[in-house]
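Student: Throw the hints in and build the complete structure from the sequences for me.
So the chains spell out like this:
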Amino acid sequence: MAETEPQVSQLFRGDRMVWVSPVSLEELIQLKTSHPQAPLVMGNTNIGPDIKFKGAWHPIIISPTRVQELFKVTKTPQGVCIGAGCSLSVVKALLEGLVQEIPEEKTEIYRSLLQQLGNLGGQQIRNVATIGGNIVSAYPNSDLNPVFAAGNCILNVASKRGRQEILLNKDFFVGFGKTSLKPDEVVLSVFIPVSRQGEFMRAFRQAPRKENALATVTTGMRVMFTEGSSVVKELSIYYGGVGPCTVSATKTCAAVIGRKWDEQTLSEAYTQLLDEISLSPSHPGGQVEFRRSLTLSLLFKFNLQMLHKLWEMCLDPSITFGLIGLETNMVTFSGCHKNVWFFFQAVVKDQSGDDPVGRPIMHRSAISQATGEAVYCDDIPKMEGELHLVLVTSTRPHAKILDIDISEALQVPGVVDVITSKDIPGKKFRTFTGIDEDILAQNEVSCVGHMVCAVVADTRNQAKRGAAVVKIGYEDLPGPVFTVEEAIEKQSFFLPKRMIEQGNVDEAFDKVDHIYEGAIRLGGQEHFYMETQSMVVVPSGEERELKVYLSCQHPTYESIAETLGIPSNRVSCHVKRVGGAFGGKVTKTSIIACITSVAAWKTGRAVRCVLERGEDMLITGARHPVLGKHKVGFMNNGRIMAADLHYYANSGNTADESLLVIEKILLHLDNAYNVPNLRGRSVACKTNLPSNTAFRGFGVPQSMLVTENMINDVAMMLGCNAEEIREINMYKEVSLTHYKFEFDPKNLLRCWDECKEKSDYDRRRKSIGQFNQQNRWKKRGMATIPIKYGIAFSDGFLNQAASLVHIYKDGSVLVSHGGTEMGQGIHTKMQQVASRELHIPASLIHITETNTSAVPNTCPSAASFGTDANGMAVKDACETLYQRLEPVRKQNPEGTWQIWVNSAFIQKISLSATGYYRGHDLHMDWEKQEGQPYAYYTYGACCSEVEVDCLTGDYRTVRTDIVMDIGRSINPSVDIGQIEGAFIQGLGLYTMEELKFSPSGVLYTRGPSQYKIPAVCDIPLQFNVYLLSGSDNPHAIYSSKGIGEPVLFLGSSVFFAIKDAVAASRVEAGMVGPFTLDSPATPERTCLACNTPFTQKVRRYHQPVSSCSLPQPITLDPNPSMFAKLNMEFSCCFHLTDLQT
Amino acid sequence: MTRTTPGSTHCFQHNSWVKSLFPVQLLGQLIVSMGLTGTKLGCAEGGCGACTVMLSKYQPHLRRVHHSVNGCLAPLCSLHHCAVTTVEGIGSVAGKLHPVQERIAKSHGSQCGFCTPGIVMSMYALLRNNPTPRMADIEEAFQGNLCRCTGYRPILEGYKTFTKLLVCWLYWSCWSDGFTGAVGLLALLELLV
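Heads up: the protein sequence lines correspond to chains A and B, in order.
Okay, so the first sequence: first residue is 0 according to numbering that gives the first Met the number 0, each after it adds one.
Okay, so the second sequence: first residue is 0 according to numbering that gives the first Met the number 0, each after it adds one.
Think of the hints as simulated: they come from the structure by calculation, not from any bench.
Keep in mind that a hint or two might mislead.
With a cut-off of at most 25 angstroms between alpha-carbon atoms, the simulated DMTMM-like pairs for lysine to aspartate or glutamate come out as follows [said to hold, decoys possible]:
hint : chain 1 : residue 1 : chain 2 : residue 2
1    : A       : Lys-739   : A       : Glu-756
2    : A       : Lys-91    : B       : Glu-101
3    : A       : Lys-510   : A       : Glu-500
4    : B       : Lys-163   : A       : Glu-488
5    : A       : Lys-874   : A       : Glu-885
6    : A       : Lys-739   : A       : Glu-726
7    : A       : Lys-546   : A       : Glu-557
8    : B       : Lys-56    : A       : Glu-885
9    : B       : Lys-56    : A       : Glu-95
10   : A       : Lys-381   : B       : Glu-87
11   : A       : Lys-470   : A       : Glu-443
12   : A       : Lys-421   : A       : Glu-372
13   : A       : Lys-1096  : A       : Asp-953
14   : A       : Lys-308   : A       : Glu-198
15   : A       : Lys-71    : A       : Glu-164
16   : A       : Lys-765   : A       : Glu-726
17   : B       : Lys-56    : A       : Glu-68
18   : B       : Lys-56    : A       : Glu-26
19   : A       : Lys-575   : B       : Asp-136
20   : B       : Lys-95    : A       : Asp-378
21   : A       : Lys-575   : B       : Glu-87
22   : A       : Lys-927   : A       : Asp-505
23   : A       : Lys-308   : A       : Glu-104
24   : B       : Lys-95    : A       : Glu-372
25   : A       : Lys-308   : A       : Glu-95
Tutor: This is the structure we're talking about:
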């Protein structure tokens, strides 16, 4: 078909744009001459997002995908000439072939390019992004351009004036996204030379995530030695990420050329480099100190590799590798994840083979999810007359609303209406924990992203256009508050504060051997559920009935009914499945659903609201960032006698669930430790940032990090391993917690011991010590962390659930319950429960959705309590039905299920039953500071080992072993899925994920290109999960335990392992004792904390000479994530490319 | 616009529809106009891979015909004479499952399932080009796919079964009374790396 494609150019003419696809080079040049400003688009990985997110508009787009000249590849003995239209995947395959074909010494540049190509974008991007596009987009962080430039590559360019060759060098890159090319010039190809005798090239990059992330600093370095010596003949160094474009270190190179490559020369080069590559403190993207350190340490890496080369060639006998070692060759980071073990538990000996409980059943809709047939909220077909809703949000952090002018918006074609607070017929606010929160801002906005009004239109694009022209008049209110420090200063809190104390802390401090005070900050975490907030509200047009289809953890018919001022029995909520929630789809979904319902109510038409990723990240909040301070008193033997902890949680502009979060923080601050005198205080700080909400763990991951950090500090003070301190202080026997709840820590200790044993802790601890002695720039660290996590809602009334089970005449069974399926496998487990109780195969049982008409008054699927509660409710209903069938079974003992059901129907026995579970009566009395807030504890322990590259802060988790006590698992494969998933999410929280705000409270990180969640490259190389055997739990269904949230905290084992490795690096710099490392331990924080000679050099450079003599213990920037100076221009940087000249 | 269905792929032929929708990305076309909702919208910037589909195009100068792309970025206009294969096109519950779909499900590699179609299509495109990939090829194929639920391990384990060296494949959903799920045998897979 394609071979016989007629070679005529194509023209697609839209209302606002024209798309031209020429077939010959002449035609392309002609087009470019007449439309010099028209971009060339191939993969659309650059222009596309520009149009979508930055509002760029091009009347003409030229797509030269069919111009054969742009895809030509010519191999010559001098090098290879690659057509500019070749995709990065094609280039990669081509270079891989060349590296195999031609002698190794000729492929230095090719191998450097391959090194960069392996991490640039993802496969999908590389398949369409082109090499020419990458060059001419001239992004400052381009990974390829420094290599092309350092490698003396040449561009072939054509225009009406003819063809010419342009050397890719510092003169080519003239500014942000700008090159020296004229607008009408078209890049035909790029020539990459083979390397010559004595020429070596390397490429390095450091990015927030190893793969598919824009580089922080990236570099190409090429050196050529004079034949038979170590004298430098040519040197070329280019950096990306340290200026508005790819920059050359020309002066540094000039200073080295003509001299011998040795330590003396290089040490001068570092100083020169520091002078030459200067970054202003307001550099777009921030991280100035880190970037500057990287420019030095990457050159040092190059130096190490070149010294090794020279040593191999025996050119300079003076080169020795005493301290340096050959470690640059030990690339232990690379490699696929290796082996994985996980152990399920045995089911009981006499369990019937048909009973699925305790067996690793596949998620019940996994197959339809894998075929794309699974229906998510936005997959519901468009209804007749359906409208789309787009929210208009505040652009001011704190301001009075003067007026909302919607007149222009209403003129936009397709726009039907604009919904403001005035349109809400019922309650205009929602009340959480006694504090009111406007559904739509009425008089005042209190954060950037505060919802003010909503535009409904026939299509989503029309609604977006309408939303863009809604004019809101603001009067800024003074002194917006963003950080917890500011909130403390201004006493901006949501009350009440909470306090809990056992023993007498103040007195105990007088009797201890040592006292240490420290602090740690923990950044927030975006939920990043893959499916953004989605809902469709359909008014039935009769008797004020409303059907609401939504993606949420808590079907919120009652808030919708209150908002509309109608009875709850008119609103039915339907949740088929949720594409990830993690706590972010409880209260936030409820508010947006209320707004959407008002729109449907007012217009009388179905309204759909699906947030875009950027909107979702901006509006719906995240995990609470926390500042934790500790004062700890301990004895010489490591026993902690007293601890005083303060927690300040950044709640954002509304209370939401923050007051419950700070309570849970205090209830978990002991983690696994018995501290006789323990006091905790927590407060929710009211700031002008988007309101934070529940997130898997609900304060516990923040709370326990502070506790474990305190333990770590004690260990560092005493100079021993933190694990020893943990063991000394752990609960040993039946004990009372600080809220006077009695429990038996037997299984906690079993998890701990088993974890140490399975992870071969002692042996590996020794070999890590050895490794760290032998390696200067790579350090390993290890940490073992225990957890004791309380399950169930401490607000006791939420511990209830109901179910409805129907048996149909053909024997099939329909189960409804109040839990929502968000990937955690609750429907699968409910199917297992029903199958056991009814004694029928799971295949006869169906669960279609969570529907509030079937099961009303649902509680949220949260607190790791979904299966506990709903499982019991389903069990109850099934037991009732099974008993009802007892007579028919007795009449016909030989019968089958179908026969019994049929006879029951004929004998007029009801085949439907509701089930109900009245859960634990839990409570917490904050006046008396005691209570029973949890039904039971889930225990676990986790040991992780990491390897840190001290020069760049890069790390890789080498191995993780987790032992969890989850009672008798109902479905071990589903539970292991929760364990692994939560662990990786925790690893993200503590080591990667960083929300960045502007100084005026604008969230920058609004998509996967700016906010990095763990990817395949981040999982531990070896990952073992063990379920503790022989554990029972009388408090939950079939002796199981809740497992949704607890393991997230165990991701902190990676954080503390990094801290352990950093400590080893600091020892080399002569620094011992406690130090601050805030969470997340990003490469930036890790690298700076390692305190290598390069980071020291950069610091000295910024400091007056007098203060440089002593290495100062560092305290990291109080809140770098808040104040990182980012330039909006950079906030939409894509490492994605396309052909654009 | 006409939609023909030869086998499992959809062929696009342009027509006057372009005008009203222009500029439109492939994903919008699939979901809105064709009702093919299997391909998911995650971020609209090519960063999460939920919208991955396979494009097939014969280009004389390239050896490879098939490649994975982000549907949220691919402009419809650029797809002249391309075949697009979506997750619906390779298997279905009622029809026959593709092994790529079956194995991710059976290895517990799909929890909330929103990223699953994209991961399936990344793997499918890889196998079309390389029927016996190495583990490193699989990991490379997933560089552009994010999953927030599983932690990736079960996905990789499931797809390890496509690699060259694997001789034995055991579903760990095997039912036994003693040591359930003979997963320990997966340690054999260490040989692969």
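Student: Look at each hint and say if it fits the structure.
Tutor: How the hints compare with the structure:
For the hint pairing A/Lys-739 with A/Glu-756, the CA-to-CA distance comes to about 32 angstroms; that exceeds 25 angstroms, so the pair is violated. Restraint check for A/Lys-91 and B/Glu-101: not satisfied, since their Cα atoms lie roughly 31 angstroms apart, outside the 25 angstroms limit. Under the criterion of a C-alpha separation no larger than 25 angstroms, the hint pairing A/Lys-510 with A/Glu-500 is consistent with the structure, at around 18 angstroms. A C-alpha spacing of about 63 angstroms is found between B/Lys-163 and A/Glu-488, which places the hinted pair above 25 angstroms, so the restraint is violated.
With a C-alpha separation of about 16 angstroms, the suggested pair A/Lys-874 and A/Glu-885 falls inside the 25 angstroms cut-off, and the hint holds. Proposed proximity of A/Lys-739 and A/Glu-726 is supported: the alpha carbons are some 22 angstroms apart, at most 25 angstroms. For the hint linking A/Lys-546 to A/Glu-557, the alpha-carbon distance of about 13 angstroms falls within 25 angstroms, and the restraint holds. Under the criterion of a C-alpha separation no larger than 25 angstroms, the hint pairing B/Lys-56 with A/Glu-885 is inconsistent with the structure, at around 64 angstroms.
Straight-line distance between C-alpha atoms of B/Lys-56 and A/Glu-95 comes to about 23 angstroms, which keeps the hinted pair within the 25 angstroms bound. Proximity of A/Lys-381 to B/Glu-87 is assessed by CA-CA distance (about 20 angstroms); at most 25 angstroms being required, the pair is judged to hold. Taken as a hint, the A/Lys-470 and A/Glu-443 pair is honoured in the structure, with Cα atoms around 15 angstroms apart against an allowance of 25 angstroms. The straight-line distance between the Cα atoms of A/Lys-421 and A/Glu-372 is roughly 40 angstroms, outside the 25 angstroms bound, and the hint therefore fails.
For the hint linking A/Lys-1096 to A/Asp-953, the alpha-carbon distance of about 20 angstroms falls within 25 angstroms, and the restraint holds. This hinted pair checks out: A/Lys-308 and A/Glu-198 have alpha carbons roughly 11 angstroms apart, not beyond 25 angstroms. Annotation: proposed proximity of A/Lys-71 to A/Glu-164 holds, straight-line Cα distance about 16 angstroms (limit 25 angstroms). Our distance criterion of 25 angstroms between C-alpha atoms is met by A/Lys-765 and A/Glu-726, whose separation comes to about 18 angstroms.
As the CA atoms of B/Lys-56 and A/Glu-68 are separated by approximately 18 angstroms, the hinted pair is consistent with the 25 angstroms bound. The hinted pair formed by B/Lys-56 and A/Glu-26 meets the criterion: a straight-line CA distance of about 23 angstroms does not exceed 25 angstroms. Among the hinted pairs, A/Lys-575 with B/Asp-136 is inconsistent with the structure: their alpha-carbon atoms are about 35 angstroms apart, more than 25 angstroms. A threshold of 25 angstroms between alpha carbons decides the hint, and for B/Lys-95 with A/Asp-378 the separation of about 22 angstroms falls inside it, so the pair holds.
A hinted pair counts as satisfied when its Cα atoms are at most 25 angstroms apart, and A/Lys-575 with B/Glu-87 qualifies at roughly 20 angstroms. In summary, the hint linking A/Lys-927 to A/Asp-505 is supported, as the alpha carbons are separated by about 19 angstroms, within the 25 angstroms threshold. Simply put, A/Lys-308 and A/Glu-104 have alpha-carbon atoms about 12 angstroms apart, close enough for the 25 angstroms limit, and the pair holds. Between B/Lys-95 and A/Glu-372, the direct Cα distance comes to roughly 13 angstroms. Compliance with the 25 angstroms bound is thereby established for this hinted pair.
Restraint check for A/Lys-308 and A/Glu-95: the C-alpha separation of about 22 angstroms stays at or below 25 angstroms, so the hint holds.
Hints 1, 2, 4, 8, 12, 19 from the list above are not met by this structure, while the remaining hints are.
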